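Participant: Those protein sequences? They're chains G and C, same order as listed. Residue numbers for the first sequence follow our numbering, beginning at 1 and rising by one. Residue numbers for the second sequence follow our numbering, beginning at 1001 and rising by one.
Derived by calculation from the structure, the hints in this document are not laboratory data. Please read these numbers as outputs of a predicted model, since none were measured by experiment. Don't take every hint at face value.
Computed footprint of chain C on chain G; a stretch qualifies when at least three of its residues, placed anywhere within it, have a C-beta under 8 angstroms from a C-beta of chain C [what the hints assert, rightly or not]:
no.	stretch
1	49 to 57
2	62 to 70
3	73 to 81
4	147 to 155
5	177 to 185
Every residue, glycine too, gets a C-beta built ideally from N, C-alpha and C.
Residue strings, one per chain:
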Amino acid sequence: MVVGERKPFDEIKKTLEGHKKVLVLGCGGCVTVCLTGGHDAVQVLSSQLRMARDNEGSPLEIIEKTVERQCDPEYVEEVAALIPEVDAVLSMACGAGVQFMAERYTTTPLYPALNTTFVGGSVKEGYYVERCQTCGECKLAYTGGICPIARCSKSLLNGPCGGSTKGKCEIDPEVPCGWQLIVDRLEALGQMDRYEEINMACDWRTNRDGGPRKMIREDFQR
Amino acid sequence: MKTESRLEKVLAAGHFAVTAECGPPKGADVAALQAKGKHLLGCVDAVNVTDNQTAIVRMSSVAACAILKGMGHEPVLQMVTRDRNRIALQSDLFGAYGLGVRNVLCLTGDHQCFGNQKEAVGVFDLDSIQLVKTVRDMRDNGKIIGGEEIQGPPKFFIGAAANPFADPHWWRVVRLGKKVEAGADFIQTQCVFNLDRFGEFMGQARDMGLTESVKIFAGITPIKNVGMARYMANKVAGMDVPEELIKRMAGVPKEKQPAEGIKIAVETIQQVREMEGIAGIHLMAIEWEARVPEILEAAGLSKRPEV
Chain G
1 MVVGERKPFD
11 EIKKTLEGHK
21 KVLVLGCGGC
31 VTVCLTGGHD
41 AVQVLSSQLR
51 MARDNEGSPL
61 EIIEKTVERQ
71 CDPEYVEEVA
81 ALIPEVDAVL
91 SMACGAGVQF
101 MAERYTTTPL
111 YPALNTTFVG
121 GSVKEGYYVE
131 RCQTCGECKL
141 AYTGGICPIA
151 RCSKSLLNGP
161 CGGSTKGKCE
171 IDPEVPCGWQ
181 LIVDRLEALG
191 QMDRYEEINM
201 ACDWRTNRDG
211 GPRKMIREDF
221 QR
Chain C
1001 MKTESRLEKV
1011 LAAGHFAVTA
1021 ECGPPKGADV
1031 AALQAKGKHL
1041 LGCVDAVNVT
1051 DNQTAIVRMS
1061 SVAACAILKG
1071 MGHEPVLQMV
1081 TRDRNRIALQ
1091 SDLFGAYGLG
1101 VRNVLCLTGD
1111 HQCFGNQKEA
1121 VGVFDLDSIQ
1131 LVKTVRDMRD
1141 NGKIIGGEEI
1151 QGPPKFFIGA
1161 AANPFADPHW
1171 WRVVRLGKKV
1181 EAGADFIQTQ
1191 CVFNLDRFGE
1201 FMGQARDMGL
1211 TESVKIFAGI
1221 TPIKNVGMAR
1231 YMANKVAGMD
1241 VPEELIKRMA
1251 GVPKEKQPAE
1261 GIKIAVETIQ
1271 QVREMEGIAG
1281 IHLMAIEWEA
1291 RVPEILEAAG
1301 LSKRPEV
């Protein structure tokens, strides 16, 4: 899933300065799962904003709403009737959701309440870790199912750098060395011959470096 | 001879070679660089010019190589893949060769979080092994990445690093093998303090036949004082400073610690020289270049061969 983290409250409050009535819009997708942008998060943030603005003597009227997904025009359309009632929207979706909203509602300011942080998963409730950097050319078949792009701090493709110590990365003794994990797994699988091969330089066009990406299912385009 | 490198000639003639590190200044102070370079002149076969080491902004290694070459040095251009993509790396290789640089050491580089520009993007378009292969393809095939032919291919003597002390221990030598396969002509290792582990690594390298196809330089760093020994043992990832060595430094009065550190360095040089497959030493006297001549003198390596 896409993991997002709520922006600092003061930053959110500042973006809403001057606005009198806003829609705080949650997303029922990934950010609901990671507890930062769903229905409950909308309620909490809205209450905080109301209180803070009341204390400042400039009350803020808030409409609270959460749609199924903000990255889908069908659900974005659901709030069409609410938009004329507010002078700004605070979206609690990931960066994709915020932009789908901004593309649909062009005359209303759209502000993000989250920092979209990474593609990952939860190892336990409330604890999320990065696992994929969406490089666009999956290498997991060669690296024992552990991603060198996402797990190695330098995204190295040919083994651990000289800073790998006792299974940890040079950047932080709390961070596991991605290549130690890969080597351990390949060893256990009897696939260390994969480690011995030289991996050539990546073609980063499948990553962000090819420009904004798209994926089209031609059979659905009719 | 693959190249015009003096270092290659020294090694090909069977001499035990000596290289030393020279870190460019944190600024444009040419005189400071020349002062460092002066200490090393005539007592080493080549000078490694570091590339923004530990991610601290310094004078570019290409420029510093040219300045040192102008003084009569044989520079080894260190190149990290942290700061430049393949366009800039290949372009700088052309430029450095045009300025007379004949040796390059291909590195990934310390993570940017260690330096004074922690907010920087880490490029890592290539890794060190891919950079080795890039330099080799330029030299041997006259091509850049992607296969396009180039005018006047630079013919570098190609180096890479190896850290026998990092983990996973057993597989370190396999990574060395990948560097050799990619085209490394010589290897400079991380600072050797743990001779047992280093000996084990060299044994593995010999068993794999690597010492026949690559010239290995043992990294030597003189320790200035017990504080530096402790710092390297505890704070520098991938550095192995045995406890007995720290105790030995601590057992000496403070004013005599620099001399003790130099003594340890000289002993280490003597011991690595005994190891089969060691072609030379690489002295990394960090901000202590002035003491390099006396270390080499004591190790019996002060006279450099004419080639």
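Participant: Count the residues of the stretch 147 to 155 of chain G whose CB lies closer than 8 angstroms to any CB of chain C, then report whether that count reaches three.
Facilitator: Since three or more residues must qualify, the claim that chain C covers the stretch 147 to 155 of chain G holds, with 3 doing so at under 8 angstroms.
Participant: Are three or more residues of the stretch 62 to 70 of chain G within 8 angstroms, CB to CB, of chain C?
Facilitator: Since three or more residues must qualify, the claim that chain C covers the stretch 62 to 70 of chain G is violated, with 0 doing so at under 8 angstroms.
Participant: Counting residues of the stretch 49 to 57 of chain G whose CB is closer than 8 angstroms to a CB in chain C, do you get three or more?
Facilitator: violated (count 0)
Participant: Has the stretch 177 to 185 of chain G got at least three residues whose CB is nearer than 8 angstroms to a CB belonging to chain C?
Facilitator: With 4 residues closer than 8 angstroms to chain C, the stretch 177 to 185 of chain G meets the three-residue bar; holds.
Participant: Taking beta carbons only, do three or more residues of the stretch 73 to 81 of chain G come closer than 8 angstroms to chain C?
Facilitator: Three-residue rule not met by the stretch 73 to 81 of chain G, so violated; n is 0.
The structure fails hints 1, 2, 3 (numbered hints given earlier, in ascending order).
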